[in-house]
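Participant: The lines below spell out each chain.
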Amino acid sequence: MSADAEREAAPLPAIDAQQAVDVITSFIRAQLTQAGFERVVVGLSGGVDSATVAFLGARALGADNVLAVRMPYRTSSPESETDALRVVEALGCATERVEITPMVAPMLALLGEGDDASLRVRRGNVMARQRMIVLYDRSAAFDALVCGTSNKTEALLGYGTQYGDMAAAIAPIGDLYKSQLRAVATCLGVPEPILVKPPSADLWPGQTDEGELGAGYDDLDRILYALVDRRWSAARCVAAGLDGELVAWVGRRVARYEFKRQLPPVAKVSLRTPGIDHLYPRRRPGSRREPGAP
Amino acid sequence: MEYRIALAQLAPRLGEVDANLELAGEWLLRGVGEGAQLVAFPELALTGYLLSDLVPEVAMRADDARLASLSRQVPGVLVAIGFVEETDEHRFCNSAALLRDGQLIGLHRKVYLPTYGLFDEGRFTRPGDRIRTVEVGEPLGRIGLSVCEDFWHASLPMLQAQDGASLLVNVAAGPARAPGSAAGTRAIAGWHKMQDTYALLGTVAVAFCNRVGNEEGLTFWGGSRILAADGSTVAEGPLYEEALVVGSLETDDLRMQRYQLPLLADERLDLVRRELDRIIAERAGLPAPEAEEVAESEVGPA
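Taken in order, these protein sequences are the chains called H and D. What the first sequence shows, in numbering that gives the first Met the number 0, is residues 0 to 293, in sequence order. What the second sequence shows, in numbering that gives the first Met the number 0, is residues 0 to 301, in sequence order.
In isolation and in its complexed conformation, chain D is listed as follows (with noise of 0.2 Å):
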């Protein structure tokens, strides 16, 4: 079945939550008249992303009525974006929603808030400790939300997939480091690598959003992707200019791709555990947790 996905690759202002709300109403309904069935914004959509000490100002809760009543308006459209989530403990959080007709169905609060380099983004809000999916229903199943810098850790996506998501929606806001130069230029195909890779080892679909515009001395980059599960190039949005890059995925597909490609059934989740079990013990100056059990084992019968 096809599935028609929109990216809005547009530049939110900054600070200005009520304009960007506005200009999310508008771009979400270009989507759906293009036809799409999902339409996904860049992270922090409705805030911009150099918000500093802006964030408590911005800050939404993820049952608000203003997030929800922008799917109101596309009935049974799916709508990702990104946001600042305040929790009711006041954790204020750059989160991703999953809205469907008016309704908050899923979110993704940033697990990885990149605070080195150019990124301060720990200074300013705290990490989700959640890695989930959302069930969508027919045909897509399960969707995986992550927010730019998860995508940067590649368990994350590999365990969305593990946790039966079909497309991973990463909405970003990736500034430009040297436009142009070779260096930027390999920025960019980092970015590009990851994505193919993901979609090839989790045989998952891919979109990725990400935004335009400058924001005091940062220019975002763009280029937004929809990627099939096979790990091809549906759509690819251009470089530093707004756009709508829409796509079109046969969810068909998937089921025979799995059956030709069954990385996921393989994957050794046990073995994966006790290998990380044992990691983080030894990291920690502690006894491997399943040392005796497993000594135990291997001297019992064969």
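Isolated chain H, as found in the complex (with noise of 0.2 Å):
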């Protein structure tokens, strides 16, 4: 952190993008080996989250052991494609192209019509998991790991699919704050196009991340790095310039949308019950998969 930005009272959340990057390459080649794995799979939005996590495995694992699968839909923004294939040439990794349009289709005809803010999320959730649905078919064809693409500030906030576009088996960009992001994907090489864009979901025509949340990601951040890693209390972000309406929406926020970075709470009704006293790392001796096996 530069020594203007320590003085700042609410600074946004500074990061060595080189050291990251260092950190987050070795993380996944230590995750994939653990697991008896050498390729990940990504979906590719053309995003800036997404081009990082690319960028990352690629990294990580060199090209050829990434497989970039972009999932239109229908009314998905063409420039958003264009962006993806951006990074598939930069990076020279596979790729594949599965529109999920015809996929969803069926089941968006059972929600109905109307365009109200309830059945636009209940949409972009279904067409998130369905996005899930082929990721994880495209990575047991590829013999990859699914790569997650959220960042800390979504999953934060919440702002997410459960079983969708948070569903992965590791999740490298977790702990980076959507501006922290841009740093690590400039010193990666993602193309600028990508960087200067503004953050979409992409799942209606116009939307954007900014407009949805009703604040920059700026602001977010700086919230989120006070209230979370710092621990600051609402009144002390208030004290230092942060707005008090946002801070107590942020506050709320991540509150209520704690279940969706756990895993659901399991009853207890036997001695030892998995995730409360049955305690294991994730790879153990005896949990590798033999290369090959499926």
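Everything labelled a hint here was simulated from the structure, so no lab data went into it. These numbers come from a predicted model, not from an experiment. Backbone N, C-alpha and C fix where the C-beta goes; we use that ideal spot for every residue, glycine too. Be aware that a few hints might be false.
[Unchecked claim] Distance ranges between label pairs, derived from CB positions:
(1) H:R287 / D:Y115: 22 to 32 Å
(2) H:D242 / D:E33: 31 to 41 Å
(3) H:R282 / D:D100: 38 to 48 Å
(4) H:V227 / D:T114: 38 to 48 Å
(5) D:T114 / H:G285: 25 to 35 Å
(6) D:G179 / H:V227: 35 to 45 Å
(7) H:I132 / D:E25: 43 to 53 Å
(8) D:L285 / H:A266: 46 to 56 Å
(9) H:E7 / D:D128: 53 to 63 Å
Make the complex out of the two chains shown on their own, each in a separate frame, by following the hints.
Facilitator: Quick look at the structure:
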């Protein structure tokens, strides 16, 4: 963190991008080795998060071991696909295009007509979960693990679909705030157009994250960094110049969506219960998949 | 003299201090309505149990006005209640307060924080380092407070009995292991045996207030109990359900019980201490502390 940022009352979370890249690529390699895999699949949207994950995967494993899956819906912006292809071209990794429109159409028809917020969220969830189904299927075909593309800002705000875009075998950028991701993406050489465009889940035309969340990522990250990483009280955030209403809203969202960040609670009725008192590392002697085994 | 005790076997709300204070106030009045002179609440009754990183958010000083004011509404009544205490040095402890007439008259910080099996307390709270009793006046004299796991270490209630307690109050948040199965029944039976044994060997009455309700995957089993100083069961609450468990002790019985069964008076505290000092020294690889003195006395005139 620069001296200026240190002095700033409520700064953005700073990061040494090169060190973050080193740590995360080492993490990806270790996770795959421990699980007995050599490859990853990444759902490539054309946005900065999935581009960064694809770059990190290629840096860690070599581009030959990365499969980038593009999964547009009929209303997805053509620019998103153009940007996704920029990543594929820059990395030289394998890519597949699996349009989800015909897969989700029957389900969306059941949801009915209309354009209210609740319906839009439900449609978005159907699409996100369909993409999860495609990604997990491609991972089996490609003999790979699914690399998640959720960042820390989204995870803390619960801005993601449970068992949809939040589903993954590993989460390489899950502890990077959106504002930090840009620095990491720049360091990795993610193409410029992807770095500068407004973040969007691209679930309906004209959607932007900041429009939907009602606040800019920099403002949100300043607050999250203060509340979560520095464990500041809301009062201290406000004293440091952060917007009181937004601080309260962020605090409520972090609490409300705790459930999305955890496995479901298991009702304990036995002597040993997974997640409660049956506790092991995910990978341990005996858990490594034999090479080539399903 | 009859001494009436009520155990508030309730289900606190996780992380909601204000709601729990209100709940405690209501149960306190119910207890007093039943004629209780002492109303005990479970471990962490003001905060809920599985707090994790909520600990600093729900913590209060032992002299917090909210805590004291609980007992102000019921003059002369003793209130024992569990909460997260923040000390002046910002140690966060799983504590039980003893209150009367708006005053904090006793405080016990959980000494044994289970951090094994399904428990992870040592990660979020710090242990207490005092085992004391509190003078509350006639007819009880002294009370020994403890919190849940403290009772799984016999030294603690036995020290409190030696320190003059005529009543041990254990406030608990005991989660069920395998409800209904033989193993689950054994776990609860273990608690009962332990309480029976402390009452019997300490010639001391025991009040055990365990919570009910659910948090995350855990279900708390209740089964609060009051035991007389001869080990007999005075009252026992239901499993898993909220209940105000009320019972009366006959404090006049204690005198003759301790005459008939003078275990506390017969205890060889000096011998216990010597042997403890020796064991502690041996474990640390040090010479036994009083070995030389003992050796000298052995060769001296008989």
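Participant: The structure should be examined with respect to each hint, and the outcome stated for every one.
Facilitator: Against the structure, the hints come out as follows:
Checked against the given bound of 22 to 32 Å, the beta carbons of R287 (chain H) and Y115 (chain D), roughly 28 Å apart, stay inside it. Checked against the hint of 31 to 41 Å, the C-beta distance between D242 (chain H) and E33 (chain D) comes to roughly 51 Å, which is inconsistent with it. Taken as a hint, the range 38 to 48 Å is violated for the pair R282 (chain H) and D100 (chain D), whose Cβ atoms sit roughly 59 Å apart. Checked against the given bound of 38 to 48 Å, the beta carbons of V227 (chain H) and T114 (chain D), roughly 25 Å apart, lie outside it.
Checked against the hint of 25 to 35 Å, the C-beta distance between T114 (chain D) and G285 (chain H) comes to roughly 27 Å, which is consistent with it. Taking 35 to 45 Å as the suggested C-beta distance range, the pair G179 (chain D) and V227 (chain H) conforms, at roughly 41 Å. In this structure the supplied range 43 to 53 Å holds for I132 (chain H) paired with E25 (chain D), their Cβ-Cβ distance being about 50 Å. At roughly 49 Å, the beta-carbon separation of L285 (chain D) and A266 (chain H) lies within the given 46 to 56 Å, and the hint holds.
The beta-carbon spacing between E7 (chain H) and D128 (chain D), approximately 42 Å, falls outside the hinted interval of 53 to 63 Å.
Checked against the numbered hints above, the structure violates hints 2, 3, 4, 9; every other hint is satisfied.
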